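Sequences listed follow chains A and B, in order.
Position in the first sequence (from 1) plus 828 gives the number in my numbering.
Position in the second sequence (from 1) plus 1020 gives the number in my numbering.
Hints are computed from structural coordinates only; laboratory data are not their basis.
Computed from a predicted structure; not experimentally measured.
The C-beta atom is built at its ideal place from N, Cα and C for all residues, glycine as well.
Keep in mind that a hint or two might mislead.
[What the hints assert, rightly or not] Taking lysine-lysine pairs in the PhoX-like style, the calculated list, with each CA pair at most 25 Å apart, reads: (1) A/1275 - B/1022; (2) A/1178 - A/1133; (3) B/1122 - B/1095; (4) B/1023 - A/1012.
[Unchecked claim] Sample of chain B residues facing chain A (criterion: CB under 10 Å; computed from the structure): (5) 1183; (6) 1222; (7) 1304.
Listed below are the residues making up each chain.
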Amino acid sequence: MFFNSLAFAVFLPIVFFLYWFVFNKTKNTQNAVLIIASYYFYSCWDWRFLFLLVFSTFLDYYTGIRIEKSQTQKSRKFWFWLSIIVNLGFLGVFKYYNFFASSFAALLTGVGFKASPFLLDVVLPVGISFYTFHGLSYVIDIYYKRLKAEYNFVDYSLFVSYFPLLVAGPIERATHLLPQVKVKRTFDYEIAKEGIYQLIWGLLKKVVIADTCAAYANAIFDNYPSMNSLSLILGAIYFAFQIYGDFSGYSDMALGMSKLFGIDLLRNFNYPYFSRDIAEFWRRWHISLSSWFKDYLYIPLGGSKGGIWMKIRNTFIIFVVSGFWHGANWTYLAWGFINAVYFLPLLLLKKNRNNIESADLSWNIDSIKVRLNILITFLLSCVAWVFFRAKTITDAVSYLKRIVLNGEFSSQYLSNERYNYELLIMVCLFVLVEWNNRTKIEPISGKYSYLKLILCLTAIIAFGTYSDYKEFIYFQF
Amino acid sequence: MKKFLLFTSKILVLAIVIAILLDFIYTAVYLQSSNRGKIDQVYNSENENYDVIILGSSRANNHFVSQMFKDKGLKTFNYGMSGGHLFEADLLLKLMIERHYKIKNVILEADLNLTNEHRADGISSKFLPYLHNSKIIKEHFSTEEDFNYLYYIPFYRYIKFDPQIGVREMFFQAIHKGTSHLQNLGYHALKDGKTGNMKNNIVSLKPLNHNKYYEEIKQICKENNINFIAIMTPMCENVVGMNYFEKVQKAYPEIHNYENVVIENKYFSSCGHMNDIGAKMFTARILKDFFPPSSPSPKVRESK
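Isolated chain B (complex conformation) (with noise of 0.2 Å):
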């Protein structure tokens, strides 16, 4: 019995230095590239400038047109990220700021994000290879209930989110695989949606009255003198429930109403995206109220 016990004892060993190794290759494969997304894009650089920083879900990634930015003089990239919360967003504008980055506008997407304070599993996991190399993202998953299994047990974060950063992902990353996410700068552009969902019902949802992740956003801005800009983007006609938006609006006056600035359908993809046109033209608009030619800084504009 004492030779078998042994024998086992031998193979939990053995279990755990292979968890131990691999969790160190597939870190050190995460720790040097930087082709594949915006997290490791953003954790992989340093001093870098921008005009314009675009944060929020997809209803960002979708509907700021980069270019359109660029095409005015503005350094802008679209750091939206489809299905991301504002837990992701606040925690890439907190690595920017770790990373040196000089930023002069922020432009957030706020509005149905601002309902929970939960992090997106599919985009926070991506953080996660940089867990104990990063003092702001330990401190920002610190607060999560599995925090302790994600930094302690070795190769958990791997295991869990195997989709997202496990063996498949780590091998593209190690050759280099590029991805579309970091082209257009950032922006995504959708197409026509006649086959997506042109109907939405959105009574259930109600802002949380402080979300905490929209305030600390809204904190480190102030303290970088970084121009915040929150805006509320458009759905499209058939929604159930619009008066979601002015609840947000009550609890957040300063958040920008542009839900209404496109509506039709024909310029929707889905009903929470807009396509490529409706997208350029929700920015056109956002440039000439916020950006306008005149002004050499951006214009502060009253909600609506």
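Only chain A is shown next, with the shape it has when bound in the complex (with noise of 0.2 Å):
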């Protein structure tokens, strides 16, 4: 069940009237309407992966229960290990252990041994790595005492599977999201109008934006040997804001629909492609993921403290596992790769800083620079985002090679029955929208909301995509 499909669309109401109409009279009953809806929504992609859901989200209550009560460090720590090692084992097993198969028999066989791997049959339980990072970051936290646990099984649940963040974050955090399921949540008019725009806006950056990319993206890329130089570039383009539309649009419709039910999410994106460099892209984008990162693996190793060869090493990890948490494939860890080579430099010169606050923008020299340096900023996450497209790391070297040297830059007729810089209007037009309102959560509320939004309705039934329900990208992580 997709947030833009018509099953949905019925589901959210029903979720809406029971929680607020029928079983609102304390916090345990809303919160085991959102429990059981959460395990409903989650069983609609495959039932038996509901086991799994519940399992992981049983243990690390319990470990996390059983770290609070633990009298001596060597019981702490064997809890705390024993949660740690079973998530991760999970993941591995489900989402790495292919890879690391068929890449050490690929090993093997490069230094002239036989090997054929054993390989696992399964799929993805879908949101996997969103939900085991919930629980994980919820039992560090307990170790290293910066939260009590949960005794409340129900309340925890929620945290872990509430349906809105459940497949594809954000990836919340226990100290933010906890305390607000441990209290009755009274309906505010205001907040749940603002959540309406939110989740309005979000089906446009989905069914408008990344959908209709995606065609274009998927004929360029598909196709890239007979692509000339400008289709290269505006594929690589075109996939930039198919992803951003896609996820961005999914965590638009996942925190909009939670002010429905009074409870706030983690903001996850914060207009990253009006970045001015990479290391305020990394604050822009995936802002869950990346402060999970920070704060779960970059500050344990130390961080930015320490040596220049520690800096160097820790900015490496950090990108790279962020890279792999995305898929089992060597193009994630490419992508992952090559934004630390990015952000290096910017780090040992002490610069990743620079851009904390919002740029006031006029037409002087130095808002020209601003202006200058976002497209670069833009041009290199492109570029790190063929590697994230393409299936293997020889297609995006090849993509990129093309095109530096085809040269041609005339319009050229795609697979999907358009031509090459047919969206560039659409994408151009909504970069303006975005741009004028880049202070703002989603443009809709304000002045003129009402126009806004029979702007906004209008284009998504006009100009969405709808032959077929298509998959969130960011579910397959």
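Two chains, two frames, some hints: make the complex.
Structure (structure tokens):
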């Protein structure tokens, strides 16, 4: 059941009705409705994986309590590592086992040994990377005494499996979400209205921007050996907007619908393509994952303290692991590595926190420089996206090589029966709307909100792609 | 909460109103356009006279050279539609009759398309803008599973078939941007098939013994005194399962089997589609057999 499906359009109002009109007496009944709805939502993909979700929830719930109750450090360590190993074990088996097995076999074959690895024929449970990270952050926080263990299983379960964030985040922190599910929520019209606006804007990003860009990006990436330089450049740009529209659209929908239930989720995107350098880009892109890795990996490793080699090591570790989190493929590792290469000079020159404040733009030299930096950062991210999108690293390198060597910049008719340049107007319009609203969460609220709402609804109805419910890219992670 | 329910109801109403308005605008644009494709051309025309009308799939569209008919003094148009099934061929003929076309001969390519009675979405969707304006189209679609959605939900048909009749196509219709579909009297010539697939396996194909739409076309021709010529057109030499054509012949003895008229791969663009040279050889044979110079009206030919 996708957020942009008809089934979900029926599901959400039913849950809303039950939550506010039938089971609204106490926070326990409210949580029970959300838990049942979340488990139903998850089972719509594959009910068998519901057991995995429940097991993972129970494991972290139980180990969290045991860590807190342990009298000795040895016992604390035991429960802590048990949770970490089992959680990462599931992730490893379902997500990474086949990758490691086939890579090892390829390595053996490369040095002259014949190897036919045993591969698992399993589907990746949807959202496993997200809910595993929810659980991990909870257990780690308890271990380091930053958080008290949760003793109410229903409340804890809701923290892990709350349906708006269950399958593609944002990756919530117990410190942020648990206090909210521990009190009865009351309805707030202004917040709910804001939620509806955000939901609509997220839907527009998904069905109008992401899915339309996908048709062009796929046509170009799948046939890149016959594409000219212009098509290949446009292909990378279209993919950049596809993945942004897809993932930030999903996040907006998740945050928006959560507001309908009176629960505030962490912001996941903050107009990343308007970043002035790569460091700023990573403070604005998939914020919940970046901050997770920063808090639970980068800082424990020593962060940017220590010598130059430690800084370099930690930077590469965090970016490569982040790339690997996205999927078991060398292309994701390469994408992480490239981002580390982009980031490192800023870190070493101590410029990684240069662009914290928002820029005041006018038409002077400094503002032009800022705009130029935004453009350069966007183009750098597009180069990295080529590795993310390509099937293999060889494909990505050939793709980029062809951009340089082909040298043709004419219009080209693509396999989706469209010209390569046709989408540019829509993309430019989208950028313009986002640029003018970059200080807001979504562009609909404020002055002339009804007019903007009409325009958004018209765009969703007229320009949206609905021929099949296109899966969200991040569901596979 | 009341305020919120009112707010969401307003959004819902707004969405419905927008859908109705968009539906109205799109339909209005399609109703005034006639230079994009064969369907809108027929819909937006009336009282046309033709000596020969050609119907069928791409194997009609790429195989019957209309100009050669014209050169013999026969006013002809090739209404074969690439990707189309008999569902669409039948509906197009019904639409012509509704539009008071005077037709002397209908040549129907009837071979591989006899295997099913399904609609071909890519082609049939092009009739949908006229769903509320044509009784014939409405009736033809009325037995389809999704008819109620298509007919009663405003703008649904434009959303469902966005690549065919969505915003891009509507825009081109609005600015009257022409296409190549109506050039060369509807015939679309194919080039040599050096890269085309010259192998085909049709073992699994089975002609329906009583194809509803084929029978309807036959019946319409009979009722309107149109000479009906059904033809099986050539396939390349490397086809596995050539007895399919014999099965067709057995089920429909009146269909003329011209499958073997052109064989060599050099006359094909892909296995099921002849190139321009092959199409001309084939058309010459059809003209010779059905429209001989001496004969003022088409010769009724015994099936092979």
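Cross-check of the supplied hints:
| no. | hint | result |
| --- | --- | --- |
| 1 | A/1275 - B/1022 | holds (23 Å) |
| 2 | A/1178 - A/1133 | holds (12 Å) |
| 3 | B/1122 - B/1095 | holds (11 Å) |
| 4 | B/1023 - A/1012 | holds (21 Å) |
| 5 | 1183 | holds (7 Å) |
| 6 | 1222 | violated (26 Å) |
| 7 | 1304 | violated (33 Å) |
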